[in-house]
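Novice: Build the complex: two chains, separate frames, hints provided.
So the protein lines, in turn, are chains C and U. When we follow our numbering, the leftmost residue of the first sequence carries the number 53, and every step to the right adds one. When we follow our numbering, the leftmost residue of the second sequence carries the number 64, and every step to the right adds one.
Any given hint could be a false lead.
What the simulated footprint calls covered on chain C by chain U, stretch by stretch (three residues with Cβ under 8 Å from a Cβ of chain U suffice, anywhere in the stretch; the number is not a length) [said to hold, decoys possible]:
| hint | segment |
| --- | --- |
| 1 | 123-131 |
| 2 | 193-204 |
To be clear about the criterion: a stretch of chain C counts as covered by chain U if any three or more of its residues have a C-beta under 8 Å from a C-beta of chain U, and this derived list gives those stretches [to be verified]:
| hint | segment |
| --- | --- |
| 3 | 94-105 |
| 4 | 135-144 |
| 5 | 147-159 |
Pairs of lysine-lysine residues, derived as BS3-like cross-links and limited to a Cα-Cα distance of at most 27 Å, are as follows [what the hints assert, rightly or not]:
| hint | chain 1 | residue 1 | chain 2 | residue 2 |
| --- | --- | --- | --- | --- |
| 6 | C | Lys99 | U | Lys327 |
| 7 | C | Lys97 | U | Lys214 |
| 8 | C | Lys149 | U | Lys284 |
| 9 | C | Lys99 | C | Lys149 |
| 10 | U | Lys299 | C | Lys97 |
| 11 | U | Lys299 | C | Lys95 |
| 12 | U | Lys260 | U | Lys299 |
What the hints contain is simulated information worked out from the structure, not anything from laboratory work. All C-beta atoms in this analysis are idealised placements derived from N, C-alpha and C, irrespective of residue type, glycine included.
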Amino acid sequence: MQIFRILIWLFSGSLLLSSCKKEIDPDRFEVNPVELYSSIGEKTKVKSREQYVSILYTNLFQQALSGNRLIEMIDCLESIGDKELGREVLISNFMNKPGVLLPSDSLMRANPEAFVSDTYERFFVREPSQAEISWFKNFIESNPQLTPELVYFAFALSNEYLYY
Amino acid sequence: MGMDRRKFIKAAGMAGAGAFAIPYILPSGRLFAASGRQFAPHVVYVLFAGGVRQQESVLQRYLSDSQGLPWEGNIMYNLFNGQAPSNKIVYGTDQGNGAAGGTPIPQILSQTLQSQGTLFREVSSQSNGHFGGLNNLLQGSEVTTQGLKQKPLNPTIFEYLRRHGGYAATDMWFVGNGIANSIPLLNYSNHPEYGAKYGANFFAPSVTFGSLGFEHLSDAKVYHPENELDPIYRMKYFLDQSFSSIGNAGDSLGNTEEEKMRIKAFMKQTYERVAQNLIPQPPVTDSLDALTIGYACEVIREFKPALTVVNLNDVDGCHTDFTGYLRSLHRADHAVGHLWNYIQTQIPEMAANTILIASPECGRNLNHNPIKDSNDWYAYDHSDDNSSRVFTIMAGPNVPANLVMGSETNSIGLTSDNVLTIADILGIKQEVQSAGLVQSGSMSLFDRI
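One chain only, chain U, in its complex shape (with noise of 0.2 Å):
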């Protein structure tokens, strides 16, 4: 049965995608030909949510297996297939019924994800922490070397599909909810082979777009781009060249000028249309994670990108507060929802042709810390083995509709799978394997199936 998925699989990605690309000069002067097929020209790759446990996740034990309470459901319901829970309800809003949380948030699709694609129920995340895991995620490789406030040491996928796949500086796209935690590092490697030349571009909304950005950054001044702009960058080019010798700032994506007085553009235009509440943002926006999607679908609809990366955390609250971790992760499926449901209602270009993947960074203990918070629940921090425990879902055209592999019982899968995944949907796995620096017995997830 597996064999036959497989072919049917990889049959369906051959035709389904123009199967081999023609090939092309990449930016450094390689001809480029695609090694292999594509599954799907745009990606949208969800870090998921800041250390997500299995129980109230895809296992849906909601109070039974943290609280010691008999109530049991699912509250991702645009995520997963399952009844909500029926009692106690605290992950909702505050509207309706007058209790704090009771009112869920309506399920924004019609079918889950996970029965619209695949969902690895129990895949191993190779570091329990939030920037080992974000970096296992994004590299593919466990680097034990790798600090906490320090660039990846292995090449990121970005780097990957702009050097193997040539795709420019503003075909790849990171999204942060955030600017601790190391998150702005996350958009390329130290790696001397790749580095910023093969980076993403990166906002954190939230400051990019918010108070601070209001203050610092959306009053900047137009220029024109050959009156003005034209003499800046001849002077500038003219000044670097005496410095050639000496250095550069060695921190440019490469965004050619275009690119950049577009980026210039979309900012402008973003600060204008938050300033009118255009920005796409899910039904209910009271978290960061929430407000986090409204501006990837506002990237999204703009660039249109190969590769988008978002990154979710609110789910860390769940240190001090599990009432408060039990809301966020209903919000991180709702926001994710919103986000499917906005690519394939008000982006033509990628509604059919984009595969979305989600996966936790890690998970979280199996047993509590000594916190308690309002309800009397206890907090959960991530360490143990259980915070090795995560799951991965995906789906789009060629990604097999309502399969489910793996159990409690039977992993299948390594968050540093993800990377060749993307690679493999893409069109350059061949090229990250060869590389050899991506986790060994990482696999694609479709080899896997």
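Looking at chain C on its own, in the form it has when it is part of the complex (with noise of 0.2 Å):
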């Protein structure tokens, strides 16, 4: 049951955060509210398998992932040793896939603050630092080649993204 309750609280959490900052009506969407995690440390709990994929998929395609295909999407990491490899597999396949929510890369350099906030949001649910707010807007500016779609991959791919 708590678990269910965090997957409603994250899936709804990470649909707030990714509807471009306007004023959304709980009652209509029937959402909760929710606030940001205020610091790093208050992560002290690991994602199951079934919390990281269904997250996961909402963060990428910004509906939810069906019961059956949640659970053969587990089946598949759990066919797979190297869990940090698993979950790359699986992201790549994402990145595959017809329907999934990217920023355009023109959106990402017009105003790579807002992007690098907007993407801690929608992963980590919090707000980044200003010394990580630098750091990855110097990353983008000094490669011309990064996408938004490489860097959702990284974020999707991190420690932190495993934690709540």
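Specialist: Set out below in structure tokens:
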């Protein structure tokens, strides 16, 4: 029950945070307002594989994953010994699917700070520190071939994304 | 006689395999100097095959010691010497004479593994259950507090080899016949001094390369290693650094970026080879075990691992279907024959320098349960003393040929010996013994000969 509640909370949180900063009427959309983590140290629990996959899917496709497909994907992850590699393969499959929602390259480059903040909020449910914004801004500006897809990939693969 | 043979084997091992390795630096920074000889640089270890009664395997009693019928014979003629049954054949394929299972699968090996190597006819398994037995085969110890859905508590042979032998992650492979029964948990332990970073790569090919894998894994985007993967990893490392004081995934096997790329490329290639029907399956592929062996051949061909462990499990259908058990036993033998033949004929780098070891994780009961199959034959579970009786067979360079150790009334060896035997073959027996975590009384099988 607790896990289910957390899932709902994270799912609704990711929808809320990825919605272009519009005012959302919680009653109309039946989503709960969620507070961002105030510090990285608040994340002390490891997501279950089910939580990881369903939240990842929601973050990338902005829609919920069906129960059956979730179980199938968990089985696939189970069948690979190196779980980090398994997550990498799963993410790269998602990136190849129609329907994955990614910001445009021009949007990222037009305002890197906003892009970085949005990405931290979307994946980590927290604001980035100034140092984190600076590092990513510099990384984006010094890598002309970098795309939002690659940034999303790195966030989805990070250790912090495994925690809540 | 025993002493002479032992001296001979040790001398042969020293001479045959280059004797002592040159010291080198392990990834941990520790200087590694192989403490002993290597008998061979590659081991293929078959966990055979889901609970096997001695009576129908090494004792070759077919139906006489299970169903009260007078027919005896050897249905595992790639592993063991002995004539096949001449009557009431049910274990083969359905083609040919029209009777279900009436056509035995032709023998693959021109010489049985028994004649090529050493057979320990009567070995004690420390567990009469699957997970306990498998843990014992991989940890070399029995931990009474081991849970069924829990990682091994003591280090596995994979971890010993990677930590003390300096092997890379892709030198260790575990190929399972599925993801049920906690099989995916067995590629590394929770032991604080070992663990994931010394674990083995694992695939359950029926899932990874089956319909689910095709649906959810086969469409992986291939990223350019320098232009795309490199920045991904650099960003990930930055993010991980920020989080390092909180935690990490803890489930990475320590595959290097190059190893990961190689595994991903292997997966991509395998999906293509599956689609083109190019997986080197055994001639008869009507069992999950046979399919698993085909993919194990594929892994071995690509990575040429120092240790490959293959888990077979179809035989466990014996709980409800004795006829199916005989068929599975026959197919598991067929699959192992194919595996050995494939290594010898298709992988020149491993052909003459691989040792194969096969042991059941447990036996099965002396007395049947009440369930009858379509032939009116009784089924067998595994819980009594007969379930602790198994065999071990090994073949390859420096393994004495055509040698049989022990008998039905003279048990020689433990299933926990296999960990020390593999450590012995690959030159780290001393280190494993020094860790002090293997079952008391366990020995390398080479020391029992």
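Novice: Determine for every hint whether it applies to the structure shown.
Specialist: So, going through the hints one by one against the coordinates:
1. 123-131: Coverage by chain U holds here, the residue count being 6 at a Cβ distance below 8 Å.
2. 193-204: holds (count 5)
3. 94-105: holds (count 3)
4. 135-144: holds (count 7)
5. 147-159: holds (count 3)
6. C:Lys99 - U:Lys327: Given that 27 Å is the threshold and the Cα spacing comes to 25 Å, the pair holds.
7. C:Lys97 - U:Lys214: 20 Å, holds
8. C:Lys149 - U:Lys284: 9 Å, holds
9. C:Lys99 - C:Lys149: 24 Å, holds
10. U:Lys299 - C:Lys97: 20 Å, holds
11. U:Lys299 - C:Lys95: Holds, at about 18 Å.
12. U:Lys260 - U:Lys299: Roughly 18 Å separates the two Cα atoms, so the pair holds.
Consistency with the previously given hints is maintained throughout, with no hint failing.
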